[in-house]
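One line per chain: the protein sequences are B and D, in this order. When the first sequence is numbered by the working numbering, its final residue is 116 and no position is left out of the sequence of numbers. When the second sequence is numbered by the working numbering, its final residue is 227 and no position is left out of the sequence of numbers.
Hints were generated in silico from the structure; no laboratory data involved. Treat the hints with care, as some may be off.
What the hints assert, rightly or not - To give a feel for the contact side, a few chain D residues facing chain B, derived at Cβ under 7 Å: (1) Gly158; (2) Ala164; (3) Ala168; (4) Pro214.
Note that CB positions come from ideal geometry on N, CA and C, so glycine has one too.
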Amino acid sequence: ETGVTQTPRHLVMGMTNKKSLKCEQHLGHNAMYWYKQSAKKPLELMFVYSLEERVENNSVPSRFSPECPNSSHLFLHLHTLQPEDSALYLCASSQGEGPGGTDTQYFGPGTRLTVL
Amino acid sequence: GQQLNQSPQSMFIQEGEDVSMNCTSSSIFNTWLWYKQEPGEGPVLLIALYKAGELTSNGRLTAQFGITRKDSFLNISASIPSDVGIYFCAGPHSGNTPLVFGKGTRLSVIA
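The task is simple: from the sequences and hints, build the whole structure.
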C-alpha cells in the first residue's frame, strides 16, 4: 500500500474518445506528478503540480490536459489520442517543499492505456 | 538534458546469488533514490540516500552514495525469485527540480 491510488488500472480507448485518469494520494503531500512510461524508455515527466499550481509542463501535447482541484487529487484528461500514446501512466506525490518538489516521490500503480 | 546511466541493462542470475548494479551521472547529484518496479505496478521506493559516502541497508538491499556524488550502487544479497523486476535510480538534477530517472536494470532470477 503506497498511499497513492490510480483509477482505472486499465483503459482501452479509440482515437476519438475522451477519457480521464484519476489519481488520489492519502499521504498529505503537497506535490503531485504525472509520468508516462513507454517500453524501453526512461520515465518521462509530463506535469508537476505543487500546492495545486502547475509548475512544470515538459512540452506535452495539448491532447493531454491535467487538472489538480486540490492537493489530494490529480486528473489527466485525454482526448483525440494517438496509438503512440499507449503507455503506462503513473501518478506520484511528494512532500513538495518547493517548486517542483525534489523530495522523495511515491508512485501509484499506474493506468495501462491502450489507444486503438 | 540531465541523464542517469544505469548498468547493466539486464541481468539473469541464479537464486541465491548476489547482485550489483550501478548508476552514474556526468553531474553531481545531492540525492540518490532507488526504486523497484514489478510488472503492471508503479515504482516502489527501496532506499533513499542524502549524503555523499552514505551506505544504507534495507533488508538484503544495500545502497551507497558515491563520494564523488556522481554515482550510486545497489547490491542485493542472496537473491530470491521475488527480487525480479526493474530497478531504477533517480535523483533531482539540482535545486528545486523534479527527479531524473535512469532507464532501469531489469533483473531476472532463475530458481
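Status of each hint after checking the structure:
1. Gly158: holds (4 Å)
2. Ala164: holds (5 Å)
3. Ala168: Status violated, d = 17 Å.
4. Pro214: Interface hint status for proline 214(D): holds (5 Å vs cutoff 7 Å).
In summary, the structure is inconsistent with hint 3 from the numbered list given earlier, while agreeing with all the others.
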